[in-house]
Amino acid sequence: MIETGHFALVLAFALALVQMLVPLFGARTGNQKMMAVGSPVAVTGFALTALSFAALATAYASSDFSVASVWENSHSLQPLIYKITGTWGNHEGSMLLWVLILTFFGALVAAFGSNLPATLRANVLAVQGAIGATFFLFILTTSNPFTRLNPAPIEGRDLNPILQDLGLAIHPPLLYLGYVGFSICFSFSVAALIEGRIDASWARWVRPWTLVAWMFLTGGIAMGSYWAYYELGWGGFWFWDPVENASFMPWLAGTALLHSAIVMEKRSALKIWTLLLAILTFSLSLLGTFLVRSGVLTSVHAFATDPTRGVFILCILTLFIGGSLALFALRASRLTPGGLFHPVSREGALVLNNLFLTTAAATVLIGTLYPLVVEAFSADKISVGAPFFNLTFGPLMVPLLVVVPFGPLLAWKRGDLLAVAQRLMAAFAAALLAVLVTALFINGASVFAALGVGLAFWLICGALTDLAIKSGLGTAAPGVVIRRFAGLPRSVLGTALAHLGLGLTTLGIVGTLCFGTEKILSMRAGETVELSGHTLRFEGLYPAQGPNYAEARGRFALLGADGSTTGEITSAKRSYPVRQMTTTESGIKTIGFSQLYLSLGDEGTDGSVVVRLWWKPLVTLIWGGGLVMMAGAAMSLLDRRLRVGAPSRRKPAGTVPSASLP
Amino acid sequence: MLFWVIAAILTLGASLAVLLPLTGGAKGVSASSDHDLEVYRDQLSELDRDVARGLIQPAEAEEARAEIARRILRLDNPGPAAAARQASMATRLVATVAVLVVPLVSWGLYVKLGSPDLPSQPLSERLAKNPADSSVDELVARAEAHLAANPTDGRGWDVLAPVYLRMQRFSDAVTAYRNAIRLDGDSATRQAGLGEAIANAAGGIVSADAQAAFEAALKLDPANPKATFYLAMGMAQEGRLDEAKAAWQKMLAALPQDSPWRGAVEQALTESAKRSVASGEPANGPGAADVDAASSMSPQDREAMINTMVVGLDEKLRQNPRDAEGWMQLVRSYVVLGKTDQARDALNRSIAVFGADSEEAKKFTAFAASLGLTATE
Chain A
18 MIETGHFALV
28 LAFALALVQM
38 LVPLFGARTG
48 NQKMMAVGSP
58 VAVTGFALTA
68 LSFAALATAY
78 ASSDFSVASV
88 WENSHSLQPL
98 IYKITGTWGN
108 HEGSMLLWVL
118 ILTFFGALVA
128 AFGSNLPATL
138 RANVLAVQGA
148 IGATFFLFIL
158 TTSNPFTRLN
168 PAPIEGRDLN
178 PILQDLGLAI
188 HPPLLYLGYV
198 GFSICFSFSV
208 AALIEGRIDA
218 SWARWVRPWT
228 LVAWMFLTGG
238 IAMGSYWAYY
248 ELGWGGFWFW
258 DPVENASFMP
268 WLAGTALLHS
278 AIVMEKRSAL
288 KIWTLLLAIL
298 TFSLSLLGTF
308 LVRSGVLTSV
318 HAFATDPTRG
328 VFILCILTLF
338 IGGSLALFAL
348 RASRLTPGGL
358 FHPVSREGAL
368 VLNNLFLTTA
378 AATVLIGTLY
388 PLVVEAFSAD
398 KISVGAPFFN
408 LTFGPLMVPL
418 LVVVPFGPLL
428 AWKRGDLLAV
438 AQRLMAAFAA
448 ALLAVLVTAL
458 FINGASVFAA
468 LGVGLAFWLI
478 CGALTDLAIK
488 SGLGTAAPGV
498 VIRRFAGLPR
508 SVLGTALAHL
518 GLGLTTLGIV
528 GTLCFGTEKI
538 LSMRAGETVE
548 LSGHTLRFEG
558 LYPAQGPNYA
568 EARGRFALLG
578 ADGSTTGEIT
588 SAKRSYPVRQ
598 MTTTESGIKT
608 IGFSQLYLSL
618 GDEGTDGSVV
628 VRLWWKPLVT
638 LIWGGGLVMM
648 AGAAMSLLDR
658 RLRVGAPSRR
668 KPAGTVPSAS
678 LP
Chain B
929 MLFWVIAAIL
939 TLGASLAVLL
949 PLTGGAKGVS
959 ASSDHDLEVY
969 RDQLSELDRD
979 VARGLIQPAE
989 AEEARAEIAR
999 RILRLDNPGP
1009 AAAARQASMA
1019 TRLVATVAVL
1029 VVPLVSWGLY
1039 VKLGSPDLPS
1049 QPLSERLAKN
1059 PADSSVDELV
1069 ARAEAHLAAN
1079 PTDGRGWDVL
1089 APVYLRMQRF
1099 SDAVTAYRNA
1109 IRLDGDSATR
1119 QAGLGEAIAN
1129 AAGGIVSADA
1139 QAAFEAALKL
1149 DPANPKATFY
1159 LAMGMAQEGR
1169 LDEAKAAWQK
1179 MLAALPQDSP
1189 WRGAVEQALT
1199 ESAKRSVASG
1209 EPANGPGAAD
1219 VDAASSMSPQ
1229 DREAMINTMV
1239 VGLDEKLRQN
1249 PRDAEGWMQL
1259 VRSYVVLGKT
1269 DQARDALNRS
1279 IAVFGADSEE
1289 AKKFTAFAAS
1299 LGLTATE
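Protein chains in written order, with this note's numbering: chain A, 18 to 679; chain B, 929 to 1305.
One chain only, chain A, in its complex shape (with noise of 0.2 Å):
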């Protein structure tokens, strides 16, 4: 079986080099069979992988020792669970689940292409094929997991302790559909340069890809964000880790790319913006993967360090980056730039969108790379931590934000400012109640954290008041304003979703930072301490086994205001014995949208602990608001208008076109 896997890794290989050149000699000599070919080849070259990732899985699962990645990352007495996800919690097999990603999305192309004009596809899948084939290569002679043992050892090596972990389970697909996501965009974006023209359908089909690629991206960064809160006992949401950074930076130009696509889909403007913003959401993607793979970073995900691996990547992203920006040099001059807007409308306000979030992105890009370039010219080691994002992401981002909740409201080509202010005052006056509410009843509450509670009521408060106004809320009786909200096109939905999302996303990081407190303290079994209001008594450490592990479990109680024990708080120090390791389970405890979280520090000889405890108000709204972005991209997925009608030659003028899925 395993072998088979291995074949079936080396067959899509040998596809995928089909699917990169037919397709796209068929498209330059206009020959239909050859560019017929790249659906077959594609949706067969997903046949495999998904065969070959089902092998190298059935091998973690059975434990077969004689698979040297299953040696070195897993072990015979881990749960199932953890035994599967370990298939891609290493090198080897995450970057099988990234080709298999890829693969899936060509097939998709594939799949429901057939509204596409056959040499756009053709060059698409062409592209397609190309990235498939570098990435089957990379696997096959730096990082192949299917590489055998003989004679096969009888115990591995078990997998790292902190990816034994749900997180696991959720994290890495999740992040790998949007960052593979993209490639579409990319794909598209190379395959209209190649051409030398945007069909009018391209920006209705780039942008359902954009969208799901932004839907897992967002869920991905929110579930990783999350993972690290829970799993390292920090109690951090966000380091500015580089491998954090690698992640958000094509989630910044993604999120612009999401709205500069709005405007060239419904006005054909922007167009050769759109293309090149594809073109680096995807280079950033690459970017990513390069800086966590090759292993020029070491922090907890990269787990990788080969220099061969650094190298080969280095050349991957050299050839698409620099060969798709100079085939953009090129071809750009040739496509036709579209309609024209009055610089206070809809499109100038998506345009000030992208200003900021590819500044955002830019800066997020110097602060990840300036420590790599520094290391490698001068051999010193610096960091550029939070201060540096203080400095320069927050003031880029407020400006934003604040702008956020005009932009939907504003009219195509031309908007009138003054009466979208005039319908947002109630969102304003809202807004202006929670910062005073905030200055005045919040012990401790800073100016700026009044303000910054302010600017989330602003946001999601102008998020209600795009649908209220589009629903005729005040205007019309309510029986019309309910069928109305109901007849909303689903993007109007999606885009008052995600607003929201982000407003409360805000609200969660604005409540945790400025509300949040702390206490570091030796405790002994039966004292008690006093958090916030909330007061809780140590019960004392229990030792206890797991499958692989040994933990000690430090029970604590939360008491009620009469001394009872309302609720019990575990945290735990676990010890691996394979890899020599410990971790800390935190403790948490949600309460509303707040959390307590603690988690065990050292053992002192007297049979004291060190506990750290953290009162994080409203910090389960910084996922939350993730999620509901989420919920916002799935809906304007279903939004009617990015089905694009194959065009069949007997149809009456004027008849809605078809629908065929994305």
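Derived from the structure by calculation, the hints contain no laboratory data. The C-beta atom is built at its ideal place from N, Cα and C for all residues, glycine as well. Some clues are possibly wrong.
What the simulated footprint calls covered on chain B by chain A, stretch by stretch (three residues with Cβ under 8 Å from a Cβ of chain A suffice, anywhere in the stretch; the number is not a length) [what the hints assert, rightly or not]: (1) 929-940; (2) 961-973; (3) 984-993; (4) 1037-1048; (5) 1065-1079.
Ranges of calculated distance between the beta carbons of each label pair, as one might list FRET restraints [claimed, not checked]: (6) B/E991 with A/A128: 34 to 44 Å; (7) B/L930 with A/V390: 45 to 55 Å; (8) B/P986 with A/W251: 50 to 60 Å; (9) B/I937 with A/V390: 44 to 54 Å; (10) A/A493 with B/P986: 15 to 25 Å; (11) A/V328 with B/A1018: 31 to 41 Å; (12) B/A1136 with A/L154: 52 to 62 Å; (13) A/V328 with B/T1024: 30 to 40 Å; (14) A/L154 with B/P986: 49 to 59 Å; (15) B/A1136 with A/A393: 39 to 49 Å; (16) B/E991 with A/L435: 19 to 29 Å; (17) B/A1136 with A/N407: 44 to 54 Å; (18) B/S1135 with A/P594: 10 to 20 Å; (19) A/A343 with B/A1130: 58 to 68 Å.
Once you've looked at the hints, dock chain B against the given chain A.
Frame of chain A; chain B shown alone:
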């Protein structure tokens, strides 16, 4: 063999995915301008919807409509979809190369990278094998699985501990010895073994913990050579070289001529003589020498180990006899070891436990018959 069949089928499928579109009839493909027209129509109807919802002012909508109309007019007039250039020489050449690339690249690469003769080896299958065919590692894994299910089996820990020591899994050996001492009580051998494991886990340094274990061993058996040897090594490591030498010399005098410890002690003495000034460098004990041999255990050793495991199982069944699986395992083990009499004895005992008319007894008889064994001779 099966693998090559599967590989051939996969290759065939992949080649067909390339070949079929190239040989099939060309379908009429619409020109890209038809697609564009479709989108522009859609944009026009959307514009109407936007006007109805007040998203765009009527004057601007009129302007936008004119923009779209201009784009429609600007569409190339394509004529019939290009189907002129078909099936030229180039097509055939590309088709041939493309179809050949798939099997050539895949088989060529696979032969270089793959291990087609190596079957999958899921752990459960490896552990279910006959013990006589198993490697030492597999036997240890099996014993570990047994101990994970019965962690209070002191005898099991006692058997496993020295094996761990020889496999250089020192921290496991420490745990195993501690469990054996806790469950089956103190003995000089176990304490000395524990000391050795602790010392080796620390890279050969005789720490305070190790010293305590060796001293406990000497209390139970004042002549225990391992404990004496390591305690002397501890002295040497602390820089008390003269005391260490004296202890080793005393030990050498007391050891019988054929003792395996003689060589180790003599070596330690010459080494300590070479080091005129003391240093903390760990010396090689006999444990380290044994370790080298452990990775490839001799057949005799392996048989000895299997014997101890079988005896352990027998003992367990005497105490806890209603374990049908255990009895069958025991009978099979004796048959494999060639101890037919003991196998028959075990079979009779198992039948006696469940009663001659029980389901189990029938199963046992049938099972024994499959091994070429009959009940009561």
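Inset, instruction - May I ask which of the numbered hints given earlier this structure violates, with the numbers listed in increasing order? - result: none
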